[in-house]
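**Student:** Please work from the sequences and hints to get the whole structure.
The numbers in our numbering rise by one with no breaks, and the one at position 4 of the sequence shown is 32.
The set of hints was computed from the structure by calculation and includes no laboratory data.
All values reported here derive from a predicted model rather than from experimental measurement.
A hint or two may mislead.
[Stated by the list, open to error] Using C-beta positions, here's what the derived DEER-type ranges look like:
1) Thr110 - Leu76: 43 to 53 Å
2) Ala42 - Met68: 19 to 29 Å
3) Ala74 - Asn94: 26 to 36 Å
4) Leu69 - Ala41: 18 to 28 Å
The beta-carbon is built from N, C-alpha and C at its ideal position, and this holds for glycine as well.
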Amino acid sequence: MIFSLLNLRKKTAAILAGIAIAAFCLWGISIWHNISAKEMLSVLLATLIMLSTIILTAFIIIVLFNALKLTVNKTKNSESETTD
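**Tutor:** Here it is in structure tokens:
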């Protein structure tokens, strides 16, 4: 494989090859269906915004659950100290 000449790890080379194959497939489909580059970039930007929103929402939910867990644990610990 050509990536072996660049001294990349196998996983990194596989990721780069996958991205390159996906880009060429999208390019081929866009030419086949006469989709302009502007429209393709618009769809790509919308997809990136959607994925970023999903990731950010998941991160916020994780932070909220961890804060809730810490609050519950502190409450339980303070109750057990007052009863002792």
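**Student:** Taking the beta carbons of Ala42 and Met68, is their distance inside 19 to 29 Å?
**Tutor:** Holds, since Ala42 and Met68 (Cβ atoms, about 25 Å apart) stay within the stated range.
**Student:** Between Leu69 and Ala41, is the Cβ distance one that fits in 18 to 28 Å?
**Tutor:** Distance hint for Leu69, Ala41 holds at roughly 27 Å.
**Student:** Taking the beta carbons of Ala74 and Asn94, is their distance inside 26 to 36 Å?
**Tutor:** Check passed, 31 Å falls within 26 to 36 Å.
**Student:** Does the Cβ distance between Thr110 and Leu76 fall inside 43 to 53 Å?
**Tutor:** Once the Cβ atoms are compared, 51 Å apart, the range 43 to 53 Å for Leu76 and Thr110 holds.
Taken one by one, the earlier hints all hold for this structure without exception.
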